[in-house]
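Residue numbers (our numbering), protein chains in the order written: chain A, 60 to 171; chain B, 317 to 429.
Just so you know, these hints were derived from the structure itself, not from any lab.
For clarity, every value in this text was computed on a predicted model and none was experimentally measured.
C-beta: ideal position from N, C-alpha, C; glycine also.
Worth double-checking, as some hints may not be accurate.
The calculated DSS-like cross-link candidates involving lysine-lysine, where the alpha carbons are at most 25 Å apart (straight line), are [said to hold, decoys possible]: (1) B:K378 / A:K95; (2) A:K110 / B:K343; (3) A:K95 / B:K367; (4) A:K158 / B:K378; (5) A:K152 / A:K168; (6) A:K152 / B:K367; (7) B:K378 / B:K343; (8) A:K95 / B:K387; (9) B:K343 / A:K168; (10) A:K129 / B:K360; (11) A:K158 / A:K129; (12) A:K152 / B:K387; (13) B:K367 / A:K168; (14) A:K158 / A:K110; (15) B:K343 / A:K158; (16) A:K129 / A:K95.
Sample of chain A residues lacking proximity to chain B, with all beta carbon distances greater than 12 Å (derived) [what the hints assert, rightly or not]: (17) P67; (18) A107; (19) G162.
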Amino acid sequence: GQQLNQSPQSMFIQEGEDVSMNCTSSSIFNTWLWYKQEPGEGPVLLIALYKAGELTSNGRLTAQFGITRKDSFLNISASIPSDVGIYFCAGPKDSGTYKYIFGTGTRLKVLA
Amino acid sequence: NAGVMQNPRHLVRRRGQEARLRCSPMKGHSHVYWYRQLPEEGLKFMVYLQKENIIDESGMPKERFSAEFPKEGPSILRIQQVVRGDSAAYFCASSPGYQETQYFGPGTRLLVL
Numbered sequence: 060g061q062q063l064n065q066s067p068q069s070m071f072i073q074e075g076e077d078v079s080m081n082c083t084s085s086s087i088f089n090t091w092l093w094y095k096q097e098p099g100e101g102p103v104l105l106i107a108l109y110k111a112g113e114l115t116s117n118g119r120l121t122a123q124f125g126i127t128r129k130d131s132f133l134n135i136s137a138s139i140p141s142d143v144g145i146y147f148c149a150g151p152k153d154s155g156t157y158k159y160i161f162g163t164g165t166r167l168k169v170l171a
Numbered sequence: 317n318a319g320v321m322q323n324p325r326h327l328v329r330r331r332g333q334e335a336r337l338r339c340s341p342m343k344g345h346s347h348v349y350w351y352r353q354l355p356e357e358g359l360k361f362m363v364y365l366q367k368e369n370i371i372d373e374s375g376m377p378k379e380r381f382s383a384e385f386p387k388e389g390p391s392i393l394r395i396q397q398v399v400r401g402d403s404a405a406y407f408c409a410s411s412p413g414y415q416e417t418q419y420f421g422p423g424t425r426l427l428v429l
């Protein structure tokens, strides 16, 4: 079945550093979503991408919809301690469906 | 402007008991989805409901699990005769319409002893 693989699995970075993570799929996605999950909480939507090549920012976060439609990237600039959490990519399983497939997650820890 | 509400946030049950998880969607949202998250994993789709209708329950185990979204009141995910393998975080999401972006609640963490 469809899978979303995220890398890296985890990162330890210093406060102020930039972060890059990506998500790849074996099949095409028409929508890419990036969520952040903090301990004990549900996923919070950060950025939604709907078009191949699209580049969208939300504050210090920037995400891109890969032109092959099989990958997406999330960058966080000038990280701060509250960026700690698990970042998930997700997308509808098939075109025009509501079943989200979630990636395996990238666990981010920021050292002050 | 409340988000998706779930209760309880934590639930402990002994094997064989029933677990009832509740979800109130965001105001104006009539589509509800339930997902399960095992430790160290991503969320997995279970069931999609609209008011009084189950649209898709393909991700839900055939036995012991059921879901409803009545005309009035919250959506309920019920797990009968719980087993240790049911221990997980259960998340509810809602959207205003079909295929629209889903917003997640804080989850219910179920622990089966």
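For each hint, the structure was consulted:
Between K378 of chain B and K95 of chain A, the direct Cα distance comes to roughly 31 Å. Violation of the 25 Å bound is thereby established for this hinted pair. Between K110 of chain A and K343 of chain B, the direct Cα distance comes to roughly 28 Å. Violation of the 25 Å bound is thereby established for this hinted pair. Taken as a hint, the K95 of chain A and K367 of chain B pair is broken in the structure, with Cα atoms around 28 Å apart against an allowance of 25 Å. For the given pair, K158 of chain A sits about 18 Å from K378 of chain B by alpha-carbon distance, which is consistent with the 25 Å threshold.
For the proposed pair K152 of chain A and K168 of chain A, the alpha carbon gap of about 29 Å is over 25 Å, so the pair is violated. Taken as a hint, the K152 of chain A and K367 of chain B pair is honoured in the structure, with Cα atoms around 23 Å apart against an allowance of 25 Å. Restraint check: the Cα-Cα separation between K378 of chain B and K343 of chain B comes to about 30 Å, which exceeds 25 Å; the hinted pair is violated. For the hint pairing K95 of chain A with K387 of chain B, the CA-to-CA distance comes to about 32 Å; that exceeds 25 Å, so the pair is violated.
With a CA separation close to 34 Å, the supplied pair K343 of chain B and K168 of chain A exceeds the 25 Å bound. Our distance criterion of 25 Å between C-alpha atoms is met by K129 of chain A and K360 of chain B, whose separation comes to about 20 Å. For a cut-off of 25 Å, the pair hint linking K158 of chain A to K129 of chain A stands: about 17 Å separates their Cα positions. About 28 Å separates the Cα atoms of K152 of chain A and K387 of chain B, which puts this hinted pair outside 25 Å; it is violated.
At most 25 Å may separate the alpha-carbon atoms for a hinted pair to count; K367 of chain B and K168 of chain A exceed this at roughly 40 Å. Taking the CA atoms of K158 of chain A and K110 of chain A, the gap is near 19 Å; set against the 25 Å cutoff, the hint holds. Of the pairs offered as hints, the one joining K343 of chain B and K158 of chain A holds, with about 21 Å between alpha carbons and a cut-off of 25 Å not exceeded. At most 25 Å may separate the alpha-carbon atoms for a hinted pair to count; K129 of chain A and K95 of chain A meet this at roughly 21 Å.
Every beta carbon of chain B lies more than 12 Å from that of P67 of chain A, the smallest distance being close to 15 Å; the non-interface claim holds. With a least beta-carbon separation of about 6 Å from chain B, A107 of chain A fails to lie farther than 12 Å from that chain, contradicting its non-interface assignment. Residue-level check failed: G162 of chain A sits 6 Å from the nearest beta carbon of chain B, not beyond 12 Å.
Consistency note: the structure conflicts with the earlier hints numbered 1, 2, 3, 5, 7, 8, 9, 12, 13, 18, 19.
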